[in-house]
Amino acid sequence: MTLNDTAKPVTLITGASGGIGSALARALAGTHDLILAGRGGAALDALCAETGGRPLVLDLTRPEAFAEALAGLGRVSNVVHNAGVVELGAVWEQSHAVWTHTLAINTVAPAELTRLLLPTVRQERGTFVFVNSGAGLSANAGWGSYAASKFALKALADALRGEEEASGVRVTSVYPGRTATEMQRKVRGQEGADYTPDDFIDPQTLAASIAFVLNAPRDATLTDLTVRPGPQV
1 MTLNDTAKPV TLITGASGGI GSALARALAG THDLILAGRG GAALDALCAE
51 TGGRPLVLDL TRPEAFAEAL AGLGRVSNVV HNAGVVELGA VWEQSHAVWT
101 HTLAINTVAP AELTRLLLPT VRQERGTFVF VNSGAGLSAN AGWGSYAASK
151 FALKALADAL RGEEEASGVR VTSVYPGRTA TEMQRKVRGQ EGADYTPDDF
201 IDPQTLAASI AFVLNAPRDA TLTDLTVRPG PQV
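Sequential numbering from 1 applies to the sequence shown in full-length UniProt numbering.
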(Lines of atoms letter the chains of each structure in order from A; the text may use other names.)
(Lines give C-alpha, C1' and ligand atoms only; values in the text may rest on other atoms or scores of the structure.)
Protein backbone atom coordinates (compact mmCIF):
# COMPACT_ATOMS: atom_id res chain seq x y z
CA MET A 1 0.00 0.00 0.00
CA THR A 2 1.34 3.43 -0.94
CA LEU A 3 -0.05 6.91 -1.14
CA ASN A 4 -0.58 6.31 -4.86
CA ASP A 5 -3.34 3.82 -4.04
CA THR A 6 -6.96 4.68 -3.44
CA ALA A 7 -6.97 4.17 0.34
CA LYS A 8 -6.97 7.33 2.42
CA PRO A 9 -3.64 8.25 3.99
CA VAL A 10 -3.45 7.59 7.73
CA THR A 11 -2.02 10.60 9.52
CA LEU A 12 -0.83 10.59 13.12
CA ILE A 13 -0.73 13.97 14.89
CA THR A 14 0.93 14.49 18.26
CA GLY A 15 -0.31 17.24 20.54
CA ALA A 16 -3.60 16.77 18.72
CA SER A 17 -5.86 18.50 21.23
CA GLY A 18 -3.78 21.71 21.25
CA GLY A 19 -4.49 24.72 19.07
CA ILE A 20 -2.45 23.75 16.01
CA GLY A 21 -3.09 20.02 16.36
CA SER A 22 -6.86 20.35 16.64
CA ALA A 23 -6.98 22.79 13.72
CA LEU A 24 -4.99 20.35 11.60
CA ALA A 25 -7.24 17.43 12.58
CA ARG A 26 -10.28 19.43 11.45
CA ALA A 27 -8.55 20.43 8.22
CA LEU A 28 -7.72 16.81 7.35
CA ALA A 29 -10.95 15.18 8.55
CA GLY A 30 -12.68 13.33 5.74
CA THR A 31 -9.66 13.13 3.46
CA HIS A 32 -7.26 11.47 5.92
CA ASP A 33 -7.85 8.76 8.49
CA LEU A 34 -6.60 10.30 11.72
CA ILE A 35 -4.71 8.99 14.73
CA LEU A 36 -4.83 11.74 17.34
CA ALA A 37 -2.15 11.47 20.00
CA GLY A 38 -2.23 13.24 23.32
CA ARG A 39 -2.38 12.77 27.05
CA GLY A 40 -6.02 11.72 26.90
CA GLY A 41 -8.98 13.43 28.51
CA ALA A 42 -12.19 15.11 27.45
CA ALA A 43 -10.63 17.44 24.87
CA LEU A 44 -9.01 14.59 22.96
CA ASP A 45 -12.16 12.47 23.16
CA ALA A 46 -14.28 15.34 21.84
CA LEU A 47 -11.88 15.98 18.96
CA CYS A 48 -11.94 12.31 18.00
CA ALA A 49 -15.73 12.33 18.04
CA GLU A 50 -15.80 15.45 15.86
CA THR A 51 -13.23 14.32 13.28
CA GLY A 52 -13.64 10.55 13.33
CA GLY A 53 -10.09 10.15 14.58
CA ARG A 54 -8.73 7.36 16.74
CA PRO A 55 -7.26 8.41 20.09
CA LEU A 56 -3.71 7.43 20.98
CA VAL A 57 -2.75 8.14 24.58
CA LEU A 58 0.97 8.88 24.84
CA ASP A 59 3.11 10.20 27.66
CA LEU A 60 5.90 11.89 25.74
CA THR A 61 8.17 11.86 28.78
CA ARG A 62 8.23 8.03 28.68
CA PRO A 63 9.73 6.98 25.33
CA GLU A 64 10.31 3.50 26.73
CA ALA A 65 6.52 3.03 26.64
CA PHE A 66 6.04 4.10 23.02
CA ALA A 67 6.55 0.68 21.43
CA GLU A 68 3.76 -0.86 23.51
CA ALA A 69 1.44 2.08 22.84
CA LEU A 70 2.01 1.82 19.08
CA ALA A 71 1.62 -1.95 18.89
CA GLY A 72 -1.21 -2.98 16.60
CA LEU A 73 -1.67 0.55 15.26
CA GLY A 74 -1.73 -0.63 11.65
CA ARG A 75 -1.04 1.66 8.71
CA VAL A 76 0.57 5.04 9.31
CA SER A 77 1.24 7.13 6.22
CA ASN A 78 2.20 10.47 7.75
CA VAL A 79 3.43 11.66 11.12
CA VAL A 80 3.07 15.26 12.26
CA HIS A 81 5.29 15.98 15.25
CA ASN A 82 3.32 18.86 16.71
CA ALA A 83 3.50 18.45 20.51
CA GLY A 84 5.81 20.80 22.34
CA VAL A 85 6.52 22.66 25.57
CA VAL A 86 8.17 25.98 26.33
CA GLU A 87 9.52 27.53 29.50
CA LEU A 88 11.23 30.89 29.12
CA GLY A 89 14.19 31.88 31.25
CA ALA A 90 17.80 32.96 31.14
CA VAL A 91 20.48 30.29 31.01
CA TRP A 92 21.68 31.16 34.51
CA GLU A 93 18.26 30.57 36.07
CA GLN A 94 17.00 27.42 34.33
CA SER A 95 17.86 24.17 36.09
CA HIS A 96 18.75 20.90 34.45
CA ALA A 97 15.17 19.74 35.12
CA VAL A 98 13.79 22.40 32.75
CA TRP A 99 16.32 21.53 30.07
CA THR A 100 15.73 17.80 30.45
CA HIS A 101 11.95 18.11 30.26
CA THR A 102 12.05 20.49 27.29
CA LEU A 103 14.45 18.32 25.31
CA ALA A 104 12.51 15.16 26.22
CA ILE A 105 9.23 16.48 24.83
CA ASN A 106 10.50 18.57 21.93
CA THR A 107 13.36 16.39 20.64
CA VAL A 108 13.73 12.93 22.21
CA ALA A 109 10.05 11.97 21.87
CA PRO A 110 9.89 12.86 18.14
CA ALA A 111 13.14 10.95 17.53
CA GLU A 112 11.84 7.78 19.19
CA LEU A 113 8.40 7.99 17.58
CA THR A 114 10.08 8.49 14.21
CA ARG A 115 12.29 5.45 14.75
CA LEU A 116 9.36 3.24 15.68
CA LEU A 117 7.01 4.48 12.94
CA LEU A 118 9.56 4.66 10.14
CA PRO A 119 8.98 1.13 8.74
CA THR A 120 5.28 1.73 8.03
CA VAL A 121 5.85 5.28 6.76
CA ARG A 122 8.49 3.87 4.39
CA GLN A 123 5.99 1.30 3.16
CA GLU A 124 3.49 4.08 2.50
CA ARG A 125 6.08 6.43 1.01
CA GLY A 126 4.64 8.98 3.37
CA THR A 127 5.71 12.19 5.06
CA PHE A 128 7.12 13.30 8.39
CA VAL A 129 6.32 16.87 9.36
CA PHE A 130 8.25 18.44 12.21
CA VAL A 131 6.46 21.50 13.58
CA ASN A 132 9.48 23.53 14.61
CA SER A 133 9.59 27.26 15.43
CA GLY A 134 11.29 30.47 14.47
CA ALA A 135 13.34 29.73 17.60
CA GLY A 136 14.72 26.71 15.74
CA LEU A 137 16.50 29.11 13.38
CA SER A 138 17.53 31.91 15.73
CA ALA A 139 17.92 31.87 19.52
CA ASN A 140 17.01 35.01 21.44
CA ALA A 141 17.79 35.92 25.05
CA GLY A 142 15.56 34.03 27.46
CA TRP A 143 14.77 31.29 24.94
CA GLY A 144 17.86 29.09 25.42
CA SER A 145 16.30 25.76 26.43
CA TYR A 146 13.43 25.99 23.96
CA ALA A 147 15.61 27.12 21.07
CA ALA A 148 18.15 24.39 21.81
CA SER A 149 15.41 21.77 21.60
CA LYS A 150 14.17 23.20 18.31
CA PHE A 151 17.67 23.50 16.80
CA ALA A 152 18.06 19.81 17.67
CA LEU A 153 14.69 19.05 16.07
CA LYS A 154 15.92 20.72 12.86
CA ALA A 155 19.01 18.50 12.95
CA LEU A 156 16.82 15.42 13.40
CA ALA A 157 14.66 16.36 10.41
CA ASP A 158 17.63 17.24 8.21
CA ALA A 159 19.39 13.95 8.97
CA LEU A 160 16.22 11.94 8.43
CA ARG A 161 15.60 13.64 5.09
CA GLY A 162 19.03 12.66 3.82
CA GLU A 163 18.76 9.12 5.11
CA GLU A 164 15.29 8.39 3.74
CA GLU A 165 15.34 10.16 0.38
CA ALA A 166 16.00 6.89 -1.45
CA SER A 167 13.03 5.21 0.25
CA GLY A 168 10.60 7.87 -0.97
CA VAL A 169 9.85 9.28 2.48
CA ARG A 170 9.37 13.05 2.51
CA VAL A 171 10.50 15.17 5.47
CA THR A 172 9.41 18.74 6.09
CA SER A 173 10.28 21.19 8.85
CA VAL A 174 7.69 23.92 9.44
CA TYR A 175 8.84 27.08 11.20
CA PRO A 176 5.79 29.00 12.42
CA GLY A 177 5.96 32.49 13.75
CA ARG A 178 3.87 33.33 16.78
CA THR A 179 0.54 31.55 16.54
CA ALA A 180 -2.66 32.25 18.48
CA THR A 181 -2.67 29.25 20.82
CA GLU A 182 -2.75 28.62 24.55
CA MET A 183 1.01 28.08 24.42
CA GLN A 184 1.37 31.60 23.02
CA ARG A 185 -0.86 32.90 25.81
CA LYS A 186 1.55 31.30 28.30
CA VAL A 187 4.58 32.76 26.53
CA ARG A 188 3.11 36.25 26.52
CA GLY A 189 2.40 35.92 30.22
CA GLN A 190 6.02 34.92 30.86
CA GLU A 191 7.13 37.92 28.83
CA GLY A 192 4.87 40.19 30.87
CA ALA A 193 2.94 41.19 27.75
CA ASP A 194 -0.70 41.13 26.68
CA TYR A 195 -2.00 38.23 24.63
CA THR A 196 -3.89 39.57 21.60
CA PRO A 197 -4.80 36.68 19.27
CA ASP A 198 -5.37 38.95 16.27
CA ASP A 199 -1.67 39.86 16.33
CA PHE A 200 -0.65 36.28 15.61
CA ILE A 201 -1.13 33.55 12.99
CA ASP A 202 -4.51 31.83 13.14
CA PRO A 203 -4.00 28.10 13.87
CA GLN A 204 -6.29 27.32 10.93
CA THR A 205 -3.89 29.13 8.59
CA LEU A 206 -0.99 27.07 9.87
CA ALA A 207 -3.09 23.90 9.60
CA ALA A 208 -3.82 24.71 5.95
CA SER A 209 -0.10 25.12 5.33
CA ILE A 210 0.68 21.72 6.88
CA ALA A 211 -2.18 20.11 4.99
CA PHE A 212 -0.68 21.45 1.75
CA VAL A 213 2.65 19.83 2.66
CA LEU A 214 0.98 16.48 3.29
CA ASN A 215 -1.14 16.62 0.14
CA ALA A 216 1.51 18.01 -2.21
CA PRO A 217 2.03 16.03 -5.44
CA ARG A 218 4.75 13.39 -5.32
CA ASP A 219 7.02 15.29 -7.70
CA ALA A 220 7.86 17.82 -4.98
CA THR A 221 9.16 17.86 -1.43
CA LEU A 222 8.76 20.98 0.67
CA THR A 223 11.86 20.63 2.81
CA ASP A 224 11.47 23.78 4.90
CA LEU A 225 8.44 26.02 5.27
CA THR A 226 8.55 29.29 7.21
CA VAL A 227 5.18 30.84 8.11
CA ARG A 228 5.10 34.35 9.55
CA PRO A 229 2.25 36.57 10.75
CA GLY A 230 0.94 38.74 7.93
CA PRO A 231 0.87 42.55 7.97
CA GLN A 232 -1.75 44.05 10.24
CA VAL A 233 -4.60 45.72 8.35
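Calculated directly from the structure, the hints in this document are not laboratory data. Being a predicted model, the structure only gives us computed values, none of them experimental. Treat each hint with caution, since some may be false.
Now the in silico label distances, taken between C-beta atoms and shown as ranges [said to hold, decoys possible]:
#1 A141 <-> G72: 45 to 55 Å
#2 H96 <-> G230: 34 to 44 Å
#3 H96 <-> A42: 30 to 40 Å
#4 E68 <-> T196: 35 to 45 Å
In the SDA-like style, the derived pairs of lysine to any residue whose C-alpha atoms are separated by at most 25 Å in a straight line are [said to hold, decoys possible]:
#5 K8 <-> G74
#6 K8 <-> Q94
#7 K154 <-> A139
#8 K186 <-> D219
#9 K154 <-> A49
#10 K186 <-> V86
#11 K154 <-> A42
#12 K8 <-> R62
#13 K154 <-> D194
#14 K8 <-> A193
#15 K154 <-> R125
#16 K186 <-> D45
#17 K8 <-> A139
#18 K154 <-> T226
#19 K154 <-> T51
#20 K186 <-> A71
#21 K186 <-> Q94
#22 K186 <-> A42
#23 K154 <-> D45
Ideal Cβ placement from N, Cα and C applies to all residues, glycine included.
How the hints compare with the structure:
{"no.": "1", "hint": "A141 <-> G72: 45 to 55 Å", "result": "46 Å, holds"}
{"no.": "2", "hint": "H96 <-> G230: 34 to 44 Å", "result": "39 Å, holds"}
{"no.": "3", "hint": "H96 <-> A42: 30 to 40 Å", "result": "34 Å, holds"}
{"no.": "4", "hint": "E68 <-> T196: 35 to 45 Å", "result": "43 Å, holds"}
{"no.": "5", "hint": "K8 <-> G74", "result": "13 Å, holds"}
{"no.": "6", "hint": "K8 <-> Q94", "result": "45 Å, violated"}
{"no.": "7", "hint": "K154 <-> A139", "result": "13 Å, holds"}
{"no.": "8", "hint": "K186 <-> D219", "result": "40 Å, violated"}
{"no.": "9", "hint": "K154 <-> A49", "result": "33 Å, violated"}
{"no.": "10", "hint": "K186 <-> V86", "result": "9 Å, holds"}
{"no.": "11", "hint": "K154 <-> A42", "result": "32 Å, violated"}
{"no.": "12", "hint": "K8 <-> R62", "result": "30 Å, violated"}
{"no.": "13", "hint": "K154 <-> D194", "result": "30 Å, violated"}
{"no.": "14", "hint": "K8 <-> A193", "result": "43 Å, violated"}
{"no.": "15", "hint": "K154 <-> R125", "result": "21 Å, holds"}
{"no.": "16", "hint": "K186 <-> D45", "result": "24 Å, holds"}
{"no.": "17", "hint": "K8 <-> A139", "result": "39 Å, violated"}
{"no.": "18", "hint": "K154 <-> T226", "result": "13 Å, holds"}
{"no.": "19", "hint": "K154 <-> T51", "result": "30 Å, violated"}
{"no.": "20", "hint": "K186 <-> A71", "result": "35 Å, violated"}
{"no.": "21", "hint": "K186 <-> Q94", "result": "17 Å, holds"}
{"no.": "22", "hint": "K186 <-> A42", "result": "21 Å, holds"}
{"no.": "23", "hint": "K154 <-> D45", "result": "31 Å, violated"}
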